[in-house]
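Participant: Given only the sequences and the hints, what does the whole structure look like? Please build it.
These protein sequence lines are chains R and X, in that order.
For reference, each letter of the first sequence is one residue, going 1020 to 1133 in the numbering used here.
For reference, each letter of the second sequence is one residue, going 7 to 117 in the numbering used here.
Bear in mind the hints are in silico, worked out from the structure with no lab data behind them.
Idealized CB from N, CA, C, for every residue including glycine.
Any given hint could be a false lead.
[Said to hold, decoys possible] Computed footprint of chain X on chain R; a stretch qualifies when at least three of its residues, placed anywhere within it, have a C-beta under 8 Å from a C-beta of chain X:
1) 1059-1066
2) 1109-1119
3) 1122-1133
[Said to hold, decoys possible] Just so you have them, the derived chain R footprint on chain X, three or more residues with Cβ under 8 Å:
4) 32-44
5) 50-56
6) 60-70
7) 105-117
Below are the chains, spelled out letter by letter.
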Amino acid sequence: DTEVTQTPKHLVMGMTNKKSLKCEQHMGHRAMYWYKQKAKKPPELMFVYSYEKLSINESVPSRFSPECPNSSLLNLHLHALQPEDSALYLCASSQGPGQKDGYTFGSGTRLTVV
Amino acid sequence: QKEVEQDPGPLSVPEGAIVSLNCTYSNSAFQYFMWYRQYSRKGPELLMYTYSSGNKEDGRFTAQVDKSSKYISLFIRDSQPSDSATYLCAMSDNYGQNFVFGPGTRLSVLP
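Facilitator: In structure tokens form, the structure reads like this:
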């Protein structure tokens, strides 16, 4: 299995809703990442988990809350989002932290906040 | 000056053309260089990875790195309509801690 699987593929939520994005990989990778991508822009790093511990939080608002229940799973809990948070949310993984030769990305969750 | 610069395009070429995609960067600490392809509404897919200066070939794709000029290129030979996508360069330092994407170039290969 060489894939990163993200669910759901699409999500529409209101500004008062609570929802979660899920990411799963079975490649034995020990680092997992959340990225946010707006249209026609490159991905922007949000969070890095290394060996199931949060190692990097790129000053992301608290309405985004990551969770890493085990080495194969990564969640992103969403609460009280704003319309400007609408974007493609990408999960990625790599064999270890500080991976120099690139990450494996999932197909993303397209989030629309109304 | 942005850390990594890339012509956003769009770049339109006829099928069969040779495509040249380029990035420039300012941080001399970058040692590892990658090219990702991203189709619309999909995640980025790693195409090529090179270390330091030199060339690397994989099928129709050739990646070149010129560290002295802080310039990297991706060449696509015999381009196909299926190559139509956004191409993102990315690079990291020797510790893999500073991983940066370029803004991406949109490529359209016309049949």
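Participant: Compare the structure with each hint and give your call.
Facilitator: Against the structure, the hints:
Requiring three or more residues with a Cβ within less than 8 Å of a Cβ of chain X, the coverage given for the stretch 1059-1066 of chain R holds, as 5 such residues are present. With a threshold of 8 Å between beta carbons, the proposed coverage of the stretch 1109-1119 of chain R by chain X holds, since 6 of its residues qualify and at least three are required. A count of 7 residues in the stretch 1122-1133 of chain R with a Cβ less than 8 Å from any Cβ of chain X is obtained; the coverage claim is therefore met, three being the minimum. Counting residues of the stretch 32-44 of chain X whose CB lies closer than 8 Å to any CB of chain R gives 4, which reaches the minimum of 3, so the coverage claim holds.
Residues of the stretch 50-56 of chain X with a Cβ under 8 Å from some Cβ of chain R number 4, which satisfies the need for three, so the listed coverage holds. Counting residues of the stretch 60-70 of chain X whose CB lies closer than 8 Å to any CB of chain R gives 0, so the stated coverage by that chain is violated, three being the minimum. Only when three residues or more bring their CB closer than 8 Å to a CB of chain R does the claim for the stretch 105-117 of chain X stand; here the count is 6, and the claim holds.
Violated hint for the displayed structure: number 6, the only one.
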